[in-house]
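Here is how the chains run, residue by residue.
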Amino acid sequence: NAGVTQTPKFRILKIGQSMTLQCTQDMNHNYMYWYRQDPGMGLKLIYYSVGAGITDKGEVPNGYNVSRSTTEDFPLRLELAAPSQTSVYFCASSSDTRPYQPQHFGDGTRLSIL
Amino acid sequence: QQPVQSPQAVILREGEDAVINCSSSKALYSVHWYRQKHGEAPVFLMILLKGGEQMRHEKISASFNEKKQQSSLYLTASQLSYSGTYFCGTEVYSSYKLIFGSGTRLLVRP
Chain D
1 NAGVTQTPKF
11 RILKIGQSMT
21 LQCTQDMNHN
31 YMYWYRQDPG
41 MGLKLIYYSV
51 GAGITDKGEV
61 PNGYNVSRST
71 TEDFPLRLEL
81 AAPSQTSVYF
91 CASSSDTRPY
101 QPQHFGDGTR
111 LSIL
Chain G
1 QQPVQSPQAV
11 ILREGEDAVI
21 NCSSSKALYS
31 VHWYRQKHGE
41 APVFLMILLK
51 GGEQMRHEKI
61 SASFNEKKQQ
71 SSLYLTASQL
81 SYSGTYFCGT
91 EVYSSYKLIF
101 GSGTRLLVRP
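The listed protein sequences correspond, in order, to chains D and G. Quick note: the first sequence uses the numbering used here, first residue 1, plus one each step. Quick note: the second sequence uses the numbering used here, first residue 1, plus one each step.
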C-alpha cells in the first residue's frame, strides 16, 4: 500500500501566487487532516474532514481552503501566498473506527514563499 | 488549547532512561504519542485512552493520569534509534481532532 501520498514534495512560490497541495490516501479512511509545521515547532491543524463533502476549520485556517469530493483526495489550496505560509505541510488520514485510530502521515510538502 | 510538553530537550547516553510529560488544561478523551526524525514525517507510537491501560511499544511505555490530565512517556534503556522529536497529540472529547504539543527533542549519544 502507498498509504498517504503528497505532491509536490518541494515548491517555491512567489508572493501573491496560488497553488494546490495534493493529498491522496488508499486506505479508505474517512478522516483526513492538513497540518503545517514551522521550523523547530509542532504541528498546527489547518483543516480536517470527516468524510466526502464535509470539512471543518482547525487551529490556523486563514489563507487556506480545502475541498473533499472523494474519500481518497483532500487537496489544500493556498490563495495569495504570503511569506508567513512558508512551512512544511503534512497531510494525514485515520480510520473512524473507535477507539480512535492512529493518524498516518504523508511525507510532507516543503513550501517556500519568496 | 495546546498541551504543554516537558522537558523541551533531553540528551541521554545510550542505555539511560528518560521521561517526557504532556499536560493539558482540558479534560482529555485520548492522548497520542508520535516520534519525528529530522526531515521525516511523524510516526505513530501509541494511544492512551481515557480509562484505558498503560501502553507499551518495544521499550517505550506510556501512562495517562486522568485526574491530572497528564500523560507521560517512559523511554527505558534508550537506543540510538530513539533520537528524534517526540510529540503528544491530545483529543478533547470524542472529536477525532488532535492538538499537538510543541515537542521534546531527544538526543541519544553513544
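Derived from the structure by calculation, the hints contain no laboratory data. Where hints are given, some of them may not hold.
Cβ pair distances, simulated, as ranges [to be verified]: (1) D:S69 / G:E66: 36 to 42 Å; (2) G:S94 / D:P83: 34 to 40 Å; (3) D:P75 / G:I11: 26 to 32 Å; (4) D:A52 / G:S94: 16 to 22 Å; (5) D:P75 / G:H57: 29 to 35 Å; (6) D:I15 / G:V43: 22 to 28 Å; (7) G:S94 / D:K14: 29 to 35 Å; (8) G:R13 / D:L80: 47 to 53 Å; (9) D:I54 / G:Q1: 22 to 28 Å; (10) D:D96 / G:A27: 31 to 37 Å; (11) D:R110 / G:H57: 24 to 30 Å; (12) D:S18 / G:R109: 32 to 38 Å; (13) G:K68 / D:K14: 22 to 28 Å; (14) D:P75 / G:V19: 39 to 45 Å.
Here a beta-carbon is modelled for each residue, glycine too, at the ideal position from N, C-alpha and C.
Evaluation of the provided hints:
1. Range check, D:S69 to G:E66: Cβ separation about 40 Å, and the 36 to 42 Å hint holds.
2. The hint said 34 to 40 Å for the Cβ distance between G:S94 and D:P83, and at roughly 38 Å that hint holds.
3. Range check, D:P75 to G:I11: Cβ separation about 41 Å, and the 26 to 32 Å hint is violated.
4. Take D:A52 and G:S94: their Cβ atoms lie about 21 Å apart, and the range 16 to 22 Å holds.
5. Hint check: D:P75 to G:H57, Cβ distance near 33 Å, so the stated range 29 to 35 Å holds.
6. About 34 Å separates the C-beta atoms of D:I15 and G:V43, a value inconsistent with the hinted range of 22 to 28 Å.
7. Take G:S94 and D:K14: their Cβ atoms lie about 43 Å apart, and the range 29 to 35 Å is violated.
8. The given range of 47 to 53 Å is respected by G:R13 and D:L80, whose C-beta atoms sit roughly 50 Å from each other.
9. Between D:I54 and G:Q1 the CB atoms are about 24 Å apart, so this pair conforms to the stated range of 22 to 28 Å.
10. A hinted range of 31 to 37 Å for the beta carbons of D:D96 and G:A27 is inconsistent with their spacing of about 22 Å.
11. Taken as a hint, the range 24 to 30 Å holds for the pair D:R110 and G:H57, whose Cβ atoms sit roughly 28 Å apart.
12. About 45 Å separates the C-beta atoms of D:S18 and G:R109, a value inconsistent with the hinted range of 32 to 38 Å.
13. Range check, G:K68 to D:K14: about 49 Å between beta-carbon atoms, so the 22 to 28 Å window is missed.
14. A beta carbon spacing of about 40 Å between D:P75 and G:V19 agrees with the range 39 to 45 Å that was offered as a hint.
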